[in-house]
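First to last, the sequence lines map onto chains C and R.
So the first sequence is numbered by UniProt numbering: it starts at 1 and just counts up by one.
So the second sequence is numbered by UniProt numbering: it starts at 1 and just counts up by one.
Some hints here could point you the wrong way.
Claimed, not checked - From chain R, some residues computed to sit far from chain C (all C-beta separations above 12 Å):
1) I210
2) R211
3) K431
Unchecked claim - Here are the in silico distance ranges between beta carbons for each label pair:
4) W342/C - T453/R: 18 to 26 Å
5) A165/C - T453/R: 51 to 59 Å
6) R100/C - N119/R: 36 to 44 Å
Unchecked claim - No more than 20 Å apart at the CA atoms, straight line, and that leaves these computed lysine to aspartate or glutamate pairs for EDC-like:
7) K214/R - D343/C
8) K25/C - E426/R
9) K386/R - D463/R
10) K306/R - E257/R
11) K132/R - D87/R
12) K223/R - E134/C
13) K568/R - D532/R
14) K224/R - D50/C
15) K109/R - E82/R
16) K99/C - D430/R
17) K338/R - D309/R
18) K112/C - E134/C
19) K262/R - D212/R
20) K52/C - D212/R
21) K223/R - D343/C
22) K52/C - D534/R
23) K107/C - D50/C
24) K27/R - D42/R
25) K214/R - E303/C
26) K99/C - E426/R
27) K25/C - D430/R
28) K52/C - E426/R
29) K280/R - E247/R
30) K224/R - D343/C
31) K495/R - E146/R
32) K214/R - D50/C
33) K25/C - D50/C
34) K601/R - E590/R
35) K131/R - E59/R
36) K328/C - E146/R
37) K194/R - E433/R
38) K99/C - E433/R
39) K112/C - D50/C
40) K262/R - D314/R
Honestly, the hints are just simulated from the structure, not real lab data.
Ideal Cβ positions, reconstructed from N, Cα and C, are used throughout, including at glycine.
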Amino acid sequence: THIKICIYFNSGIRGICVAGYTGAKSEILELLLPLKLYAGENQGLCAERDFKVQHGGFSEEPVESLIHIPGTRCVVTTGSSSSALQIWDIGGDDSDVIKRTGVINLKSTPAKGITIAPGLTDEPAVLHGSCISEVQLTEIATGRVLYTVAKESSDSVSGLQFVNACVFLICVSNGTLLMGDIRDPSTCDYPLQDSKSGLHWSFGLRSDSSQSEPSCCTVARLSSSGHMLLYDLRDLQSPFCQTQLNVQQNTSKNDFLNVSWAPVLNRCLSVSGFDGTVHIYNTMDWSTEGQSPQPVFSHRGHEMSHEAKYSSSLPVVTTHFWHQSRPKTLLSAATDGSLHVWDWVDKIIDR
Amino acid sequence: MPDIKVTPLGAGQDVGRSCILVSIGGKNIMLDCGMHMGYNDDRRFPDFSYVTQNGRLTEFLDCVIISHFHLDHCGALPYMSEMVGYDGPIYMTHPTKAICPILLEDFRKITVDKKGETNFFTSQMIKDCMKKVVPLNLHQTVQVDEELEIKAYYAGHVLGAAMFQIKVGSESVVYTGDYNMTPDRHLGAAWIDKCRPDILISESTYATTIRDSKRCRERDFLKKVHETVERGGKVLIPVFALGRAQELCILLETFWERMNLKAPIYFSTGLTEKANHYYKLFITWTNQKIRKTFVQRNMFEFKHIKAFDRSYADNPGPMVVFATPGMLHAGQSLQIFKKWAGNEKNMLIMPGYCVQGTVGHKILNGQKKLEMEGRATVITGTLDVKLQVEYMSFSAHADAIGIMQLIRMAEPRNMLLVHGEAKKMEFLKDKIEQEVFVRCISCYMPANGETTTVVTNPSVPVDISLNLLKREMALGGPLPDAKRPRTMHGTLIMKDNSLRLVSPEQALKELGLSEHQLRFTCRVQLHDPHSDTDTLGRIYTHLKSVLKSYSIQHVPDGTVIVESIVIKVTSSAEEPNLKVILLSWSYQDEELGSFLSTLLKKGLPS
Numbered sequence: 001t002h003i004k005i006c007i008y009f010n011s012g013i014r015g016i017c018v019a020g021y022t023g024a025k026s027e028i029l030e031l032l033l034p035l036k037l038y039a040g041e042n043q044g045l046c047a048e049r050d051f052k053v054q055h056g057g058f059s060e061e062p063v064e065s066l067i068h069i070p071g072t073r074c075v076v077t078t079g080s081s082s083s084a085l086q087i088w089d090i091g092g093d094d095s096d097v098i099k100r101t102g103v104i105n106l107k108s109t110p111a112k113g114i115t116i117a118p119g120l121t122d123e124p125a126v127l128h129g130s131c132i133s134e135v136q137l138t139e140i141a142t143g144r145v146l147y148t149v150a151k152e153s154s155d156s157v158s159g160l161q162f163v164n165a166c167v168f169l170i171c172v173s174n175g176t177l178l179m180g181d182i183r184d185p186s187t188c189d190y191p192l193q194d195s196k197s198g199l200h201w202s203f204g205l206r207s208d209s210s211q212s213e214p215s216c217c218t219v220a221r222l223s224s225s226g227h228m229l230l231y232d233l234r235d236l237q238s239p240f241c242q243t244q245l246n247v248q249q250n251t252s253k254n255d256f257l258n259v260s261w262a263p264v265l266n267r268c269l270s271v272s273g274f275d276g277t278v279h280i281y282n283t284m285d286w287s288t289e290g291q292s293p294q295p296v297f298s299h300r301g302h303e304m305s306h307e308a309k310y311s312s313s314l315p316v317v318t319t320h321f322w323h324q325s326r327p328k329t330l331l332s333a334a335t336d337g338s339l340h341v342w343d344w345v346d347k348i349i350d351r
Numbered sequence: 001m002p003d004i005k006v007t008p009l010g011a012g013q014d015v016g017r018s019c020i021l022v023s024i025g026g027k028n029i030m031l032d033c034g035m036h037m038g039y040n041d042d043r044r045f046p047d048f049s050y051v052t053q054n055g056r057l058t059e060f061l062d063c064v065i066i067s068h069f070h071l072d073h074c075g076a077l078p079y080m081s082e083m084v085g086y087d088g089p090i091y092m093t094h095p096t097k098a099i100c101p102i103l104l105e106d107f108r109k110i111t112v113d114k115k116g117e118t119n120f121f122t123s124q125m126i127k128d129c130m131k132k133v134v135p136l137n138l139h140q141t142v143q144v145d146e147e148l149e150i151k152a153y154y155a156g157h158v159l160g161a162a163m164f165q166i167k168v169g170s171e172s173v174v175y176t177g178d179y180n181m182t183p184d185r186h187l188g189a190a191w192i193d194k195c196r197p198d199i200l201i202s203e204s205t206y207a208t209t210i211r212d213s214k215r216c217r218e219r220d221f222l223k224k225v226h227e228t229v230e231r232g233g234k235v236l237i238p239v240f241a242l243g244r245a246q247e248l249c250i251l252l253e254t255f256w257e258r259m260n261l262k263a264p265i266y267f268s269t270g271l272t273e274k275a276n277h278y279y280k281l282f283i284t285w286t287n288q289k290i291r292k293t294f295v296q297r298n299m300f301e302f303k304h305i306k307a308f309d310r311s312y313a314d315n316p317g318p319m320v321v322f323a324t325p326g327m328l329h330a331g332q333s334l335q336i337f338k339k340w341a342g343n344e345k346n347m348l349i350m351p352g353y354c355v356q357g358t359v360g361h362k363i364l365n366g367q368k369k370l371e372m373e374g375r376a377t378v379i380t381g382t383l384d385v386k387l388q389v390e391y392m393s394f395s396a397h398a399d400a401i402g403i404m405q406l407i408r409m410a411e412p413r414n415m416l417l418v419h420g421e422a423k424k425m426e427f428l429k430d431k432i433e434q435e436v437f438v439r440c441i442s443c444y445m446p447a448n449g450e451t452t453t454v455v456t457n458p459s460v461p462v463d464i465s466l467n468l469l470k471r472e473m474a475l476g477g478p479l480p481d482a483k484r485p486r487t488m489h490g491t492l493i494m495k496d497n498s499l500r501l502v503s504p505e506q507a508l509k510e511l512g513l514s515e516h517q518l519r520f521t522c523r524v525q526l527h528d529p530h531s532d533t534d535t536l537g538r539i540y541t542h543l544k545s546v547l548k549s550y551s552i553q554h555v556p557d558g559t560v561i562v563e564s565i566v567i568k569v570t571s572s573a574e575e576p577n578l579k580v581i582l583l584s585w586s587y588q589d590e591e592l593g594s595f596l597s598t599l600l601k602k603g604l605p606s
């Protein structure tokens, strides 16, 4: 089983959307997070600790990536085999079936998987592309192309994210970052200073979405060999910190490489995709020279699971997300079909 | 159309008072007869007026089957058999038969003695009801009558719980009761063979959940208990005497042993000894691990768990107490709760589902102040709930994954879901209907009182006479394809209860009838400027060229014979060129005869 998660919070309904496939069909599920998660420390009372399937639907093809469009009940997926984006309506109270409501067809079948990100404009839109020249912003309701990147390049995209309603970042798999604005087709390119070939790069953006000013944002670049660079969004040419993480290079699946900033805690980020663990680092302690930083916490649950003991290969974490409001809660999923919701404890600070 | 009808009288889109009526092959079966624990009035019983408006149920039911001893599956049994009236057989497994009366009596005592109810079944009624019980073993086919047979399968869930297959002829239904697809510490997992029932009636309590891992659940439970005991608090765990309590006992016992804990663990008296007695007695119902260790020591002989005495509740210091009943609706658990509720160091752990209306349910909904009433209570008035309340769901029910597993095992043609919150189960319905490797499945979710009719495709076995078989096989023609159906002619004789296929001649002989021969004649007019004899010759040549594989003879007496068809040509003296062709055939050659007449109407080639 292969699971991809996307987490979202939808006014009152605290749910996550999960897609998984077992060969025949993909299932997309909207799961309500167990109420146990919301029980306070001393409250003690906790009625439920299971995920409730609130809505579910089927996808003919395996789902490669899954995002939620904020402010809507809409989810967009990409499949490994098709050249279209699928639009789904999660549904309301009257039915528990997730229905496909539309398709965004692409001009051509991409060689590699498509990366997607939700647009932050008032009209629901999705930013998508498999290589730089194909990156475009499409309005979901009408299929109208709102914006296209003017750059001709077949470099493959490994990450996309909007900083605010107009400004977005593209991460190329060779490590280059591009910053664009949907009001202007040109982009600013920020290639890596010394780019080593053969490495795959991913990025994580922390944006203070309430202020939507680029000045409060930090960007992390992570390579498949564990090389990490941190930037202030205002200066993507010189990192304010760079270091080498003590991880094993994962040569098989670069798609799982994932670096995320904690939304609540300051300067905390998490890394996964190298193996079956999720590492959490506090970047405040980092200095530019010096040894590999130690993680403040490592979640080994997926490696230690019951299933992992009996299978020949260890599971690899496919994706992870931070909870929007609980500072130390994360969700992670792995190739063995496991889904974990967990809190971490900083051994030094929290005791 | 042959069909099976299923009507839930309780547990249709609802949990509580399970009672399902099935009509199959002319037989009527009642599956379970439970009581809804949340109501105090008539709503707690299934509505038997669906069976008959007034009078006893005996002639309307061929049998009653009880899946396990939980009161929401057997609680209304004495009411049904003794107060409404039913004298037929009641089937259940041996452990269920042994334990049911105990729980029913306990329930009766609380309802009547403690609550003061009057219209309720008596102890004698329970005894009379149990006299009608016919116990059965797992995988043993029991003939209820000549046509109806039933068979029990292991269901896990609690001691003695079974899933039942009901079969009449080639139609069958499987009812799961409550079941569990993952083994636990003292019971194995449910199992069934590929019996391919027409309908699989399954419980769906957790159908729309993805359950947390059992290990996490247990670890949390132990952590809570340990914390409370370490700080000197008392832990109350309300349980039903028999059921999940045994699982928790084994869990705590193992933990206490491993951590070398000294705080006492008690199990409330009365039902304790009986409970353990039955678990020891029915040791074969438990899982492999328990049976293996049974030789050295009985798993249910606990070292750290002792019998409880009412006075212990006032003892200082930490302790853990398992007390009945499970939803805190009366009895000892409620008494202890009242004593311990005011101290925030204490903890209450509810290990199961609490039906609406019970104290357990109110507390789980966060009520901090409770109105206490009733006789012989320690505290009356308002009770402040200060102790910590935890809910751990340990009940063993199949979740969505488990239900799919059972479907793959049994391969039913149709699914019917009961015992769940069916407001929104369309997704599960779709999921079931899409199972690729099971033949086209439909999924139903009837509400109480709603009848689901499922059309079946039963096969009817018929004996064929040897003569007929030999004759049909001896017929010439191309080699038969084993997979393709072949038309044969025979006569079906239905006499008494047997069905036989014989040749028509034999049938006529047996029935003492003589055979009638039917011949058809037809006249075709044709213009042909030849003599009658020549015209006949021309017809012969024509037919020979068209009907190459048929036997055509030109007989000197002036006829052409095709198979059994006789053709003659005549004409009148006034119009010698207007020929009248007479065709005559017997009914077996009807098709060929029609063909020839149509052919000849078109005329002859020149």
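The hints, checked one at a time:
The claim that I210/R is not at the interface with chain C is violated, since a C-beta of that chain comes within 12 Å of its own (minimum 4 Å). With a least beta-carbon separation of about 5 Å from chain C, R211/R fails to lie farther than 12 Å from that chain, contradicting its non-interface assignment. Separation of K431/R from chain C is inadequate, the least Cβ-Cβ distance of about 7 Å not exceeding the 12 Å criterion. For W342/C and T453/R, the Cβ-Cβ distance of about 49 Å falls outside the hinted range of 18 to 26 Å, so the restraint is violated.
A165/C and T453/R have their C-beta atoms about 57 Å apart, which keeps the hinted 51 to 59 Å range intact. R100/C and N119/R have their C-beta atoms about 55 Å apart, which leaves the hinted 36 to 44 Å range violated. Annotation: proposed proximity of K214/R to D343/C holds, straight-line Cα distance about 19 Å (limit 20 Å). For a cut-off of 20 Å, the pair hint linking K25/C to E426/R stands: about 17 Å separates their Cα positions.
Between K386/R and D463/R the alpha-carbon distance is near 76 Å, which puts this suggested pair outside the 20 Å criterion. In summary, the hint linking K306/R to E257/R is supported, as the alpha carbons are separated by about 14 Å, within the 20 Å threshold. Taking the CA atoms of K132/R and D87/R, the gap is about 7 Å. The hint holds against a cut of 20 Å. Under the criterion of a C-alpha separation no larger than 20 Å, the hint pairing K223/R with E134/C is inconsistent with the structure, at around 54 Å.
Under the criterion of a C-alpha separation no larger than 20 Å, the hint pairing K568/R with D532/R is consistent with the structure, at around 9 Å. Distance hint between K224/R and D50/C is fulfilled; the C-alpha atoms sit about 18 Å from each other, no more than 20 Å. Only pairs whose Cα atoms come within 20 Å are accepted, and K109/R paired with E82/R is accepted, the gap being roughly 17 Å. Only pairs whose Cα atoms come within 20 Å are accepted, and K99/C paired with D430/R is accepted, the gap being roughly 12 Å.
The straight-line distance between the Cα atoms of K338/R and D309/R is roughly 16 Å, inside the 20 Å bound, and the hint therefore holds. In summary, the hint linking K112/C to E134/C is supported, as the alpha carbons are separated by about 12 Å, within the 20 Å threshold. A threshold of 20 Å between alpha carbons decides the hint, and for K262/R with D212/R the separation of about 30 Å lies outside it, so the pair is violated. Distance check on the hinted pair: K52/C and D212/R sit about 10 Å apart at the alpha-carbon level, within 20 Å; holds.
About 16 Å separates the Cα atoms of K223/R and D343/C, which keeps this hinted pair within 20 Å; it holds. Taken as a hint, the K52/C and D534/R pair is broken in the structure, with Cα atoms around 91 Å apart against an allowance of 20 Å. A distance of roughly 43 Å separates the Cα atoms of K107/C and D50/C; the hinted pair therefore is violated under the 20 Å criterion. A distance of roughly 28 Å separates the Cα atoms of K27/R and D42/R; the hinted pair therefore is violated under the 20 Å criterion.
Among the hinted pairs, K214/R with E303/C is consistent with the structure: their alpha-carbon atoms are about 17 Å apart, no more than 20 Å. This hinted pair checks out: K99/C and E426/R have alpha carbons roughly 12 Å apart, not beyond 20 Å. Only pairs whose Cα atoms come within 20 Å are accepted, and K25/C paired with D430/R is accepted, the gap being roughly 12 Å. Of the pairs offered as hints, the one joining K52/C and E426/R holds, with about 14 Å between alpha carbons and a cut-off of 20 Å not exceeded.
About 14 Å separates the Cα atoms of K280/R and E247/R, which keeps this hinted pair within 20 Å; it holds. Taking the CA atoms of K224/R and D343/C, the gap is near 17 Å; set against the 20 Å cutoff, the hint holds. Among the hinted pairs, K495/R with E146/R is consistent with the structure: their alpha-carbon atoms are about 18 Å apart, no more than 20 Å. For the suggested pair K214/R and D50/C, the alpha carbons sit about 11 Å apart, so the restraint of at most 20 Å is met.
Under the criterion of a C-alpha separation no larger than 20 Å, the hint pairing K25/C with D50/C is inconsistent with the structure, at around 24 Å. Proposed proximity of K601/R and E590/R is supported: the alpha carbons are some 17 Å apart, at most 20 Å. For the suggested pair K131/R and E59/R, the alpha carbons sit about 18 Å apart, so the restraint of at most 20 Å is met. Proximity of K328/C to E146/R is assessed by CA-CA distance (about 67 Å); at most 20 Å being required, the pair is judged violated.
For the hint linking K194/R to E433/R, the alpha-carbon distance of about 18 Å falls within 20 Å, and the restraint holds. A distance of roughly 16 Å separates the Cα atoms of K99/C and E433/R; the hinted pair therefore holds under the 20 Å criterion. Our distance criterion of 20 Å between C-alpha atoms is broken by K112/C and D50/C, whose separation comes to about 36 Å. Distance check on the hinted pair: K262/R and D314/R sit about 18 Å apart at the alpha-carbon level, within 20 Å; holds.
This entry does not satisfy hints 1, 2, 3, 4, 6, 9, 12, 19, 22, 23, 24, 33, 36 and 39, going by the numbered hints stated previously.
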